[in-house]
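Residue numbers (our numbering): 232 to 587.
For the record, the hints were derived by calculation from the structure and aren't laboratory data.
Where a beta carbon is used, it is the ideal one built from N, C-alpha and C, also for glycine.
One or more hints might be untrue.
As the list claims (entries may be wrong) - Distance windows between CB atoms, simulated:
1) 571 to 285: 20 to 28 Å
2) 340 to 526: 21 to 29 Å
3) 356 to 508: 43 to 51 Å
4) 357 to 510: 32 to 40 Å
Claimed, not checked - In silico DSSO-like pairs for lysine-lysine, Cα to Cα no more than 27 Å straight-line:
5) 479 to 416
6) 416 to 369
7) 369 to 343
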Amino acid sequence: MEVKLPSSSSNPSFSTPDMAELDTPEAGCSGSKFERDLVWIMRQAGRFLPEFRAVRAAHSFFTVCRTPELAATVTLQPIDRFAGLLDASIIFSDILVVPHALGMDYIMVPAKGPTFPEVLETPADLSRLSETVDVNEKLGYVFDAIALTRTRLDGRVPLYGFAGCPRTLMGYMIEGGGTKTYERKLADVVVKFLVGQVMAGAQLLQVFGSSSGELTPKQFLNFSPPYLPEIPRRVRAALQDLNPELAKIPIAPLSAPGVGYDIVSVDWTMDSAAVRERTQNGVVLQGNLDPTMLFATKEVIREETREMLENFGPSQKYIANLGHRILPATHPEHLRAYLEAIRDISSEMNGENSFA
232 MEVKLPSSSS
242 NPSFSTPDMA
252 ELDTPEAGCS
262 GSKFERDLVW
272 IMRQAGRFLP
282 EFRAVRAAHS
292 FFTVCRTPEL
302 AATVTLQPID
312 RFAGLLDASI
322 IFSDILVVPH
332 ALGMDYIMVP
342 AKGPTFPEVL
352 ETPADLSRLS
362 ETVDVNEKLG
372 YVFDAIALTR
382 TRLDGRVPLY
392 GFAGCPRTLM
402 GYMIEGGGTK
412 TYERKLADVV
422 VKFLVGQVMA
432 GAQLLQVFGS
442 SSGELTPKQF
452 LNFSPPYLPE
462 IPRRVRAALQ
472 DLNPELAKIP
482 IAPLSAPGVG
492 YDIVSVDWTM
502 DSAAVRERTQ
512 NGVVLQGNLD
522 PTMLFATKEV
532 IREETREMLE
542 NFGPSQKYIA
552 NLGHRILPAT
562 HPEHLRAYLE
572 AIRDISSEMN
582 GENSFA
């Protein structure tokens, strides 16, 4: 598949229209000053939206993922519904498309989600997986969806691409076991997949490593490095050869140390003030309201939002989000209340502080 490189001059701003002086997505992730905090939501295109459920009533989850027209449509649904309140879109896909490209079939299990019916149980099972993967052939539908979505966004907000980190993917593939050998192969495919997404038009990248939080520090040191820190280095090196401008793309991990990353996502169990102190304001922090708080009243949501923003402290190096993906039973208007609270409270806070 041949894809057109997105030109830097056509990249929309990681900001709202009244921040038009910042005309690159990198500006939103590098500590530039904004009138209010930027925000997007993990799984913002998903089952909590009635318009998404209408699409799913007519098409399977996998059909939506693998049909660029449908994937672009649902990616844009939250941008249209919450116009002016969301500062980024994220392509509708799933982290398990990478193991699928390697030859593992997965099914949708009600109340559980995508699942592998035949996991890897012994080293011999690795022979079931492809030795080599042509990401353009196996995952080209994701790249096509990104290119189509960029066109339809027409500069309103930038577009995130994403992939799962090797450790998280392996956790699904073997349901709890581990093998460093195959994590290397996964890392190779993840890097190529992320590069392909940028080539197709993604302007920011998220690397989901949610299983990292389930490891002890010793286990994390044994199983995650060097794969997690090397991903941004290898992605940028590949992009540098293709187009040096694209090598500047911001890359964020979820629930993992930010070595080599521009943004670190913080879940709701972590003390955001302590994380800010530990990182010495050296990276952009992202998060971190408990997703279950969106089941509270709008008044409580507003109170919790203020506390969250105050805990992160007055800093331009911050992107508001949830501490994990939004839950399917969330009422859309409660998410709106959260987004409006971020807009109002952060505007007030940012107006009171100087970032000179």
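Status of the hints after comparison with the structure:
Between residue 571 and residue 285, the C-beta spacing of about 25 Å keeps the proposed range 20 to 28 Å intact. The hinted range of 21 to 29 Å is satisfied by residue 340 and residue 526, whose Cβ atoms lie roughly 24 Å apart. At roughly 45 Å, the beta carbons of residue 356 and residue 508 sit within the given window of 43 to 51 Å. For residue 357 and residue 510, the Cβ-Cβ distance of about 37 Å falls inside the hinted range of 32 to 40 Å, so the restraint holds.
A C-alpha spacing of about 25 Å is found between residue 479 and residue 416, which places the hinted pair at or below 27 Å, so the restraint holds. Between the alpha carbons of residue 416 and residue 369 the distance comes to roughly 16 Å, so the proposed pair stays at or under 27 Å and holds. A distance of roughly 25 Å separates the Cα atoms of residue 369 and residue 343; the hinted pair therefore holds under the 27 Å criterion.
Against the hints set out earlier in the document, no violation occurs for any number.
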